[in-house]
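Peer 1: On the provided structure of chain Y, position chain Z as indicated by the hints.
Just so you know, the protein sequences line up as chains Y and Z, in that order. Using full-length UniProt numbering, you'd call the opening residue of the first sequence number 1 and step up by one each time. Using full-length UniProt numbering, you'd call the opening residue of the second sequence number 1 and step up by one each time.
Note that these hints are calculated values from the structure, not bench results. Mixed in with the good hints there might be a few duds.
Chain Z is faced by these chain Y residues, among others (derived, beta-carbon under 8 Å) [stated by the list, open to error]: (1) Val23; (2) Leu26; (3) Arg28; (4) Ser63; (5) Ala268.
25 Å max Cα-Cα, derived SDA-like pairs, lysine to any residue [stated by the list, open to error]: (6) Y/Lys158 with Z/Ala44; (7) Y/Lys324 with Y/Leu136; (8) Y/Lys158 with Z/Pro199; (9) Y/Lys324 with Z/Asn318; (10) Y/Lys158 with Z/Thr216; (11) Y/Lys324 with Z/Ala58.
Idealized CB from N, CA, C, for every residue including glycine.
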Amino acid sequence: MAGTTTSPAPAPAAGVPRAPLRVRVLRRPEVGALVAALAVFLFFSLATDAFLTPRGVASWLESAALFGIMAVAVSMLMIGGEFDLSTGVMVGSTGLLTGVLATHAGVNLWIAVLASLAAALAVGFLNGLMVTRTGLPSFIVTLGTFFILQGLNLALTKAVTGQVAVQGMTQVAGFWDARWLFGSSMAVGPAVLDVPILWWVLFTALCTWVLLRTRAGNWIFAVGGDAKSARQTGVPVVRTKIGLFMTTAFAGWLVGMLSLFGTTTVQASTGVGVEFVYIICAVVGGCLLTGGVGSALGGALGALIYGMAYQGIVFAGWDNNWLKAFLGAMLLAAVVVNTYVRRRAETAGAASTEHTDPADGGGPAEGGERG
Amino acid sequence: MGLQRRRRRYAALLAGGLLLLAGCTNGRPAEGTAVGDTAPVQPADAPITVAVVSHSRAGDSFWDVVKSGAEEAGRQQGITVNYAGDGDPTQQSQLIDNAVAQGVDGLVVSMANPEGVRASVEGAVAAGIPVITINAGMVESAEYGAVTHVGQSERMAGEQAGERLRESGVTGLLCVIHEAGSVSQEERCAGAAEGFGGPVENIQVDISNTADARATIQNKLMSDDSVDGVLTLNPAIATSALGAIGDAGSDADLATFDVSADIVEAVRAGDMLFAIDQQPYAQGYLGVTLMGLKVRNGNDVGGGRPVYSGPAFITADNADQVAQYAERGTR
Chain Y
1 MAGTTTSPAP APAAGVPRAP LRVRVLRRPE VGALVAALAV FLFFSLATDA
51 FLTPRGVASW LESAALFGIM AVAVSMLMIG GEFDLSTGVM VGSTGLLTGV
101 LATHAGVNLW IAVLASLAAA LAVGFLNGLM VTRTGLPSFI VTLGTFFILQ
151 GLNLALTKAV TGQVAVQGMT QVAGFWDARW LFGSSMAVGP AVLDVPILWW
201 VLFTALCTWV LLRTRAGNWI FAVGGDAKSA RQTGVPVVRT KIGLFMTTAF
251 AGWLVGMLSL FGTTTVQAST GVGVEFVYII CAVVGGCLLT GGVGSALGGA
301 LGALIYGMAY QGIVFAGWDN NWLKAFLGAM LLAAVVVNTY VRRRAETAGA
351 ASTEHTDPAD GGGPAEGGER G
Chain Z
1 MGLQRRRRRY AALLAGGLLL LAGCTNGRPA EGTAVGDTAP VQPADAPITV
51 AVVSHSRAGD SFWDVVKSGA EEAGRQQGIT VNYAGDGDPT QQSQLIDNAV
101 AQGVDGLVVS MANPEGVRAS VEGAVAAGIP VITINAGMVE SAEYGAVTHV
151 GQSERMAGEQ AGERLRESGV TGLLCVIHEA GSVSQEERCA GAAEGFGGPV
201 ENIQVDISNT ADARATIQNK LMSDDSVDGV LTLNPAIATS ALGAIGDAGS
251 DADLATFDVS ADIVEAVRAG DMLFAIDQQP YAQGYLGVTL MGLKVRNGND
301 VGGGRPVYSG PAFITADNAD QVAQYAERGT R
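So here's chain Y without its partners, still in its complex pose (with noise of 0.2 Å):
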């Protein structure tokens, strides 16, 4: 199977050496980040008292976790090769149609909750399709979606509920069984800890397993790292993309749904500005803005240090005119860090001889589907 395909995750072949265990660690994407998350936490939980108690985990652990998911998705559409700016106000989308439907429209909760998935798919189906039928980069593309859906979320709220944010919910039948998928909370030993961190682990957990374990993912590292040649091996390149595209709709709509019913409110301006915020995540989690590499646990460890260090700073009372050129400092620090540790990663891997890429997916490498 590996002989017969040009993915940049062929599985080791038989009589080839493995690297030293210590080498595949370090060449794993998420590594830098990994260290970097590290230095995060050592810094906040010496420099502030409340870091590390177990209310504070619980706040930047749920303040990375509504990133993270995103982040997540977004990891898998950049190895894909692709952006998407319309994540951010997707969540607002979402929210508030459910919002509007359940709260004006009398529509049952359950049926308007699937609706927003239905609609968040569709826009997902249309990104990847404009993407890949008009070949236009996908920053055009869904800066064009972007602006659309953050146009809709303000006019259609206004115009249905006269409005600009969904109100009531909690009048509206079955809130509160649905508050019980998406916004309660469980105590865990002395912390209590809100749902999302549990949709984050799980999400995360699935992104991982998807691609390093499944063809699904395989495709995902060859269309990233070489469109063309995926397509000549017989990857199915349009399919794929609009799968990854289809993935970052529904990690909006999980966001979404985490944020209307763990507040019970979404505003028309939810979301926007935050698209930038994921692709950040994904980049410290070892994403290459030109695709092909990277890791989903990458993402999820991006938006740790981010929700670290945004709730960290607030824990260490500086002066918020400072917040952003803190977070940005630290941000830039934790991708030096994380571009150091894979330099010395593959210095270390020069040593060992196996030729493999550094975003090994290491599962097996099944391309010869056509699409």
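Peer 2: Positioned in the frame of chain Y, the structure of chain Z alone reads:
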């Protein structure tokens, strides 16, 4: 390498996750529970920490004055003030949770979208941290368990503004909203419409792009002759509107909510009718001060009702005096 075995392992993980989920609570408020007032007696000058969590990102001129007021009150009274803010209710909720995690002695919070921060505010109250709301969220303040609210009634201020504009001879009014999603801005325009009693049209601009806001207002003025009055809800947008009125060659009258040094100057020069001052400095200052009284002395100021910080009207009559205060960033 049995794929089957691996599958089973993932299934087990998933099942474990669902079991964890089964132990969750959905945060539904229990009926009829009351939180006992068990705060220990503090000395009258005990060093305390108060977190101020607003719904504004750093850099907004209005909130900078609130922040100055809060910090000055802290300096004078030996209270450590931590100021933070975010316009998104989810993010703001997390900042409130963060303050609770820090174990602050008191929480001062503005609620532009009250439902959005309800769980966190009630969580703080449940954790025994006294809460005072400022600026926005007057109606919900007591319901969520806050000690009091310091601010102005947006609707009432809007009504007064509408009345004044009508009395000045305006016949068609444009109300400029600059933050999509702010409930209190909608309230102001609705109040203005009520007080004005004539045709009022709302238009939407973006506070982060004042140049574009200026163009939008100018286009509206040039394309619609019936508009002879403009009401803005933010001083920076008012400055844009002032430019737009000039460029459009319109003789529309301008009034605004909230104040900056430029606005006071424009009122003094007669370029603007008036500015509605909810006195943000007082909101920050009183928020922290009343919290100090609550924590150190158990005072419930307001008697369960809001404490009004405004509206005060800045007109050509008092602009000279206000200008001196605006210069130093306290009006």
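Peer 1: Taking the hints in turn, state whether each one holds.
Peer 2: Structure-based check of each hint:
no. : hint                   : verdict
1   : Val23                  : violated, 21 Å
2   : Leu26                  : violated, 24 Å
3   : Arg28                  : violated, 19 Å
4   : Ser63                  : holds, 5 Å
5   : Ala268                 : holds, 4 Å
6   : Y/Lys158 with Z/Ala44  : violated, 49 Å
7   : Y/Lys324 with Y/Leu136 : violated, 33 Å
8   : Y/Lys158 with Z/Pro199 : holds, 19 Å
9   : Y/Lys324 with Z/Asn318 : violated, 38 Å
10  : Y/Lys158 with Z/Thr216 : holds, 19 Å
11  : Y/Lys324 with Z/Ala58  : holds, 9 Å
Taken one by one, the earlier hints fail for this structure at numbers 1, 2, 3, 6, 7 and 9, listed in ascending order.
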